[in-house]
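Under mature numbering (1 follows the signal peptide of the UniProt record, and there is no 0), the letters of the sequence shown match residues -21 to -1, 1 to 322, in that order.
Keep in mind the hints are simulated off the structure, nothing from the lab.
Straight-line distance between alpha carbons at most 30 Å, and here's what the computed BS3-like set of lysine-lysine pairs gives: (1) Lys196 x Lys266; (2) Lys219 x Lys70; (3) Lys251 x Lys71; (4) Lys196 x Lys211.
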Amino acid sequence: MKKRRILAVLMIVALAVASFSGCGKKKEKEEPKKETKQVVQEEEEPEEVEEEPEVNQETFAIFGVDSRENNLGKGTRSDSLMVVNVDNTNKKVYIASVYRDCYVQIEGHGLDKITHAHSFGGPELAMDTLNTNFDLDIQKYITVNFMNVAELVDDMDGIEQDITEEETKYINGYIDELNGIRGTSSAHITEAGTYTLDGTQAVAFSRIRYTEGGDYKRSERQRTVLFKIFSKAQELDKAKKIDIAKSMLDKINTNYLESEVLRLLSKITEYKVEAMDAFPKVFYSGKIDGVFYEVPVTLNDMSTQMHTFLYPTEAYTPSETVQSISAQESAVAPTANNDFTQQ
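Make a model of the complete structure from these sequences and hints.
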């Protein structure tokens, strides 16, 4: 594999697998491509990659699933959802997480948790759900199993991370669970401090959700793991990039063609992760008809905040569709009991 290809593929894998650790502006609806078979699609490539015209905004969705059978399609919930916007003009990357329990409209299923969209209809329905509820235009996706996060971190010889005293109360239960699943023997973390986490420990860290801040802090930990993997991938030597790319290529599901991966990420080392954030900011967290949800207050506001975050220089007004869904949610949702607008 050529150097540019290795770098590009490695970076998209790094972004994808870290997502376990939800695009452009709305336009006339197009039929999304259906190339949903395993891994990055192969294409014949000339010796030198011909540069294609570069668009200002390059965006895609990342879905992280938790499947013991490594099912990356329909039938598995997306425990992690991210929308990634690549600003090619200013060489900046913006990453927005959407909480898995976020209350949204899913075509054919009514109001439900956004995590269920991937289970009901695979990445196609998950993309459609993001597009419908947030006025987005996602056509490309990457789906990855959480086990691949651990493998990638191990291949990178770990990532450095600060662990708080509160996090030590919960991380070891996840370490034990993952040791059983992976057949590893990763050590417990019993004191606050800075550690080089192996794959099992890094995934365990990203799954903690019962500390103060709940799902918001869990999403923040996932984004932290993403950033650490992204940064470390940029520093690897060529031989290490080749080894990791070969081991990871058959473990993701995407409708990107390899030429599109190259065009998107061949110069990724020049880019900066400008900001990462999670949505909704203001929401009701609790039960509706006996089922736990996180209901945006309001969906109009959430959609506006996401657009402002992903596209900071562009004006946006919620569509009639988003306003209609927002009104439906407001009719059943109690008053907000979480506000992370200042976080």
